[in-house]
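Here is how the chains run, residue by residue.
2 protein chains.
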Amino acid sequence: MAVIAIDLGGTKSSAALVSPDGSVLIRDKVEITRKSGTLVSKILQKQIQTLYTKALRSGQDVSGIGVSVPGIYYSQTGHVWAPNIPGWKDYPLQQELQNTIPDIPVKIDSDRAAYILGETWLGAARGCRNAVFIAVGTGIGAGIMVDGTILRGHADIAGATGWMSLTPTFRSEYTRFGCFEYHASGDGLARVARDMVNEDQDYYGLLRNPLPEHISSYDVFEAFTAGDALAQEVINQAIKFWGMVTANFISLFNPEIIVFGGGLFGPAIQFIPLIIKEAQRWAQPIAFNQVRIEGSKIGGEAGLYGAAKIALSVLSEE
Amino acid sequence: MAVIAIDLGGTKSSAALVSPDGSVLIRDKVEITRKSGTLVSKILQKQIQTLYTKALRSGQDVSGIGVSVPGIYYSQTGHVWAPNIPGWKDYPLQQELQNTIPDIPVKIDSDRAAYILGETWLGAARGCRNAVFIAVGTGIGAGIMVDGTILRGHADIAGATGWMSLTPTFRSEYTRFGCFEYHASGDGLARVARDMVNEDQDYYGLLRNPLPEHISSYDVFEAFTAGDALAQEVINQAIKFWGMVTANFISLFNPEIIVFGGGLFGPAIQFIPLIIKEAQRWAQPIAFNQVRIEGSKIGGEAGLYGAAKIALSVLSEE
Numbered sequence: 014m015a016v017i018a019i020d021l022g023g024t025k026s027s028a029a030l031v032s033p034d035g036s037v038l039i040r041d042k043v044e045i046t047r048k049s050g051t052l053v054s055k056i057l058q059k060q061i062q063t064l065y066t067k068a069l070r071s072g073q074d075v076s077g078i079g080v081s082v083p084g085i086y087y088s089q090t091g092h093v094w095a096p097n098i099p100g101w102k103d104y105p106l107q108q109e110l111q112n113t114i115p116d117i118p119v120k121i122d123s124d125r126a127a128y129i130l131g132e133t134w135l136g137a138a139r140g141c142r143n144a145v146f147i148a149v150g151t152g153i154g155a156g157i158m159v160d161g162t163i164l165r166g167h168a169d170i171a172g173a174t175g176w177m178s179l180t181p182t183f184r185s186e187y188t189r190f191g192c193f194e195y196h197a198s199g200d201g202l203a204r205v206a207r208d209m210v211n212e213d214q215d216y217y218g219l220l221r222n223p224l225p226e227h228i229s230s231y232d233v234f235e236a237f238t239a240g241d242a243l244a245q246e247v248i249n250q251a252i253k254f255w256g257m258v259t260a261n262f263i264s265l266f267n268p269e270i271i272v273f274g275g276g277l278f279g280p281a282i283q284f285i286p287l288i289i290k291e292a293q294r295w296a297q298p299i300a301f302n303q304v305r306i307e308g309s310k311i312g313g314e315a316g317l318y319g320a321a322k323i324a325l326s327v328l329s330e331e
Numbered sequence: 014m015a016v017i018a019i020d021l022g023g024t025k026s027s028a029a030l031v032s033p034d035g036s037v038l039i040r041d042k043v044e045i046t047r048k049s050g051t052l053v054s055k056i057l058q059k060q061i062q063t064l065y066t067k068a069l070r071s072g073q074d075v076s077g078i079g080v081s082v083p084g085i086y087y088s089q090t091g092h093v094w095a096p097n098i099p100g101w102k103d104y105p106l107q108q109e110l111q112n113t114i115p116d117i118p119v120k121i122d123s124d125r126a127a128y129i130l131g132e133t134w135l136g137a138a139r140g141c142r143n144a145v146f147i148a149v150g151t152g153i154g155a156g157i158m159v160d161g162t163i164l165r166g167h168a169d170i171a172g173a174t175g176w177m178s179l180t181p182t183f184r185s186e187y188t189r190f191g192c193f194e195y196h197a198s199g200d201g202l203a204r205v206a207r208d209m210v211n212e213d214q215d216y217y218g219l220l221r222n223p224l225p226e227h228i229s230s231y232d233v234f235e236a237f238t239a240g241d242a243l244a245q246e247v248i249n250q251a252i253k254f255w256g257m258v259t260a261n262f263i264s265l266f267n268p269e270i271i272v273f274g275g276g277l278f279g280p281a282i283q284f285i286p287l288i289i290k291e292a293q294r295w296a297q298p299i300a301f302n303q304v305r306i307e308g309s310k311i312g313g314e315a316g317l318y319g320a321a322k323i324a325l326s327v328l329s330e331e
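Protein sequences appear in the order of chains A and B. The first sequence begins at 14 in this note's numbering and counts up one residue at a time. The second sequence begins at 14 in this note's numbering and counts up one residue at a time.
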């Protein structure tokens, strides 16, 4: 027995046949950059067919299909919203995928939900029932597990951590991204660096070389490593915000663990001791003493493992 | 059939016999100011006995006892922590109360839990499954309901909202109260006003009359109503923080409703339209459009109703 897991990102769809103990048996990866939503749905259907056929050929029965989408899954309607896939504003993905192999149940969830399911199943949060996964990539989101269940909220959009307000001075730019995401996402680091370079005419450091509008978070980390003062300021500011948000999660949720993952953690994993130090200043002290704060150990696989867990959870419900 | 509900505060214990539809049948109120923890436990036992006897005499059967405590209830041990009751650091309250009338189940929970249970049962949040009660009194706490269940966290101390970090500039005073509570609780308003009066030698307004160390939140509201500029600044700062926290709850929890209660709401209920306006600037916009933000309609009764609901919930579990 095995399940089909699909971790759909903004640029590729990573699918796999996964056994109930978390072993990845067969993989199937397809690029989806700049493809229409309808085509992406067809690609997923094809991946399901391919893995199903290969599973049967290798003598494996497929008992469920789990899909992680980069956005929101509306459990009431089976529709999805994914800002980076053209046409997926309210797309009937569950129905379309369910038609592929009608007998095998398809279950979809958001990438945030998949990350925390993957981490609590096979990652740093293994076995925890109260856990938070903070995903810092281009944007910021969080998967939150409360007493063993994913926090969804009234309409499936809970965990919009990028919108945390962390400084009383409102800036109109927050309207697009949220305050925390504006300052401390991957794009945020680049944005803050760009603004600083533009404002500081006396700065002739490493980040002066690319045109300011081309500075990426990668450039910031590189300049930081080389000892650039401006890059250090950008990183220090992000560490403060990452620490404050960590503290807020600790005080509100009293979790066993907070896991940092996503593209930036990654290179920012070296700052976790500083994030912990910052969080300690702000958090409710008893709750702080009960939490672990770690980087993801399964990194890019969290979404795939989570998708497998989504498929497996259907079985345990039935 | 009825239940005994006890809403224990820092200064009094309000008990009542409550019917399953929420009618208060008999009341019993006792002052507990400056009494030892052991004595407070004895007072509660006596209240239980009194109400039980009166119930039987009036032909009512008592099926459960619910108690709200001003602190933390540790569900694993049955012990409580209540900072304002001397000796209740880790006090075996469940066991002591259960011995009063052994046949009738006693269930204890924190005041935060009681408030949100009361509000979702009979108050502004009636029938909601995702709801937040922000209690602003001397201190600040929150009762959070997630999909119909109280958020407790790993060790029953979730909801420590007073510790939310809302400004990057850390002050050592936050170590005692938390950032949000330092600025925007009842004591916080008085503290901020005191600091401003001390710093502003040119201020000769209404808050110059009491010695600065005697300024209370009541004085601040009175001065505000009379148009005092310093009091207005204090209140405006609090509105900003109340709005930011409201936004953070909206973005993280995607709730149906946020209810403001506690001693300050009360007089601060007039500011709810401004709090909503501030929250709208910061919150995830879709989640903002799905939430109601209101003052408590059951006010001082939320804890008592919640305690009754705690007792009733035992019945529905069995």
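Incorrect hints may appear among the rest.
[Stated by the list, open to error] Per the computed footprint, the stretches of chain B lying under chain A, defined by three or more beta-carbons under 8 Å from a beta-carbon of chain A, are:
hint, stretch
1, 25-34
2, 99-111
3, 116-130
4, 205-213
5, 251-260
[As the list claims (entries may be wrong)] Between beta-carbon pairs, the in silico distance windows are:
hint, chain 1, residue 1, chain 2, residue 2, range
6, B, Glu235, A, Arg305, 42 to 52 Å
7, B, Lys102, A, Tyr217, 36 to 46 Å
8, A, Pro223, B, Ser88, 54 to 64 Å
9, A, Thr238, B, Glu235, 29 to 39 Å
10, A, Thr238, B, Gly100, 50 to 60 Å
11, A, Lys59, B, Pro298, 55 to 65 Å
12, B, Ser32, A, Glu186, 46 to 56 Å
13, A, Glu246, B, Gln293, 28 to 38 Å
If you're looking for bench data, these hints aren't it; they were derived computationally from the structure. These numbers come from a predicted model, not from an experiment. Quick reminder that beta carbons are idealized off the backbone N, C-alpha and C, glycines included.
Here is how each hint holds up against the structure:
1. 25-34: Not satisfied, violated; 0 residues make the cut.
2. 99-111: Coverage by chain A is violated here, the residue count being 0 at a Cβ distance below 8 Å.
3. 116-130: Not satisfied, violated; 0 residues make the cut.
4. 205-213: It is violated: at least three residues are needed, and the stretch 205-213 of chain B offers just 0 whose Cβ sits closer than 8 Å to chain A.
5. 251-260: holds (count 4)
6. Glu235/B - Arg305/A: 42 to 52 Å: holds (48 Å)
7. Lys102/B - Tyr217/A: 36 to 46 Å: Cβ of lysine 102/B to Cβ of tyrosine 217/A: about 59 Å, so the range 36 to 46 Å is violated.
8. Pro223/A - Ser88/B: 54 to 64 Å: holds (55 Å)
9. Thr238/A - Glu235/B: 29 to 39 Å: Because 57 Å falls outside the window, the suggested range is violated.
10. Thr238/A - Gly100/B: 50 to 60 Å: holds (55 Å)
11. Lys59/A - Pro298/B: 55 to 65 Å: violated (36 Å)
12. Ser32/B - Glu186/A: 46 to 56 Å: holds (54 Å)
13. Glu246/A - Gln293/B: 28 to 38 Å: holds (31 Å)
Hint compliance for this structure: hints 1, 2, 3, 4, 7, 9, 11 are broken, all remaining hints hold.
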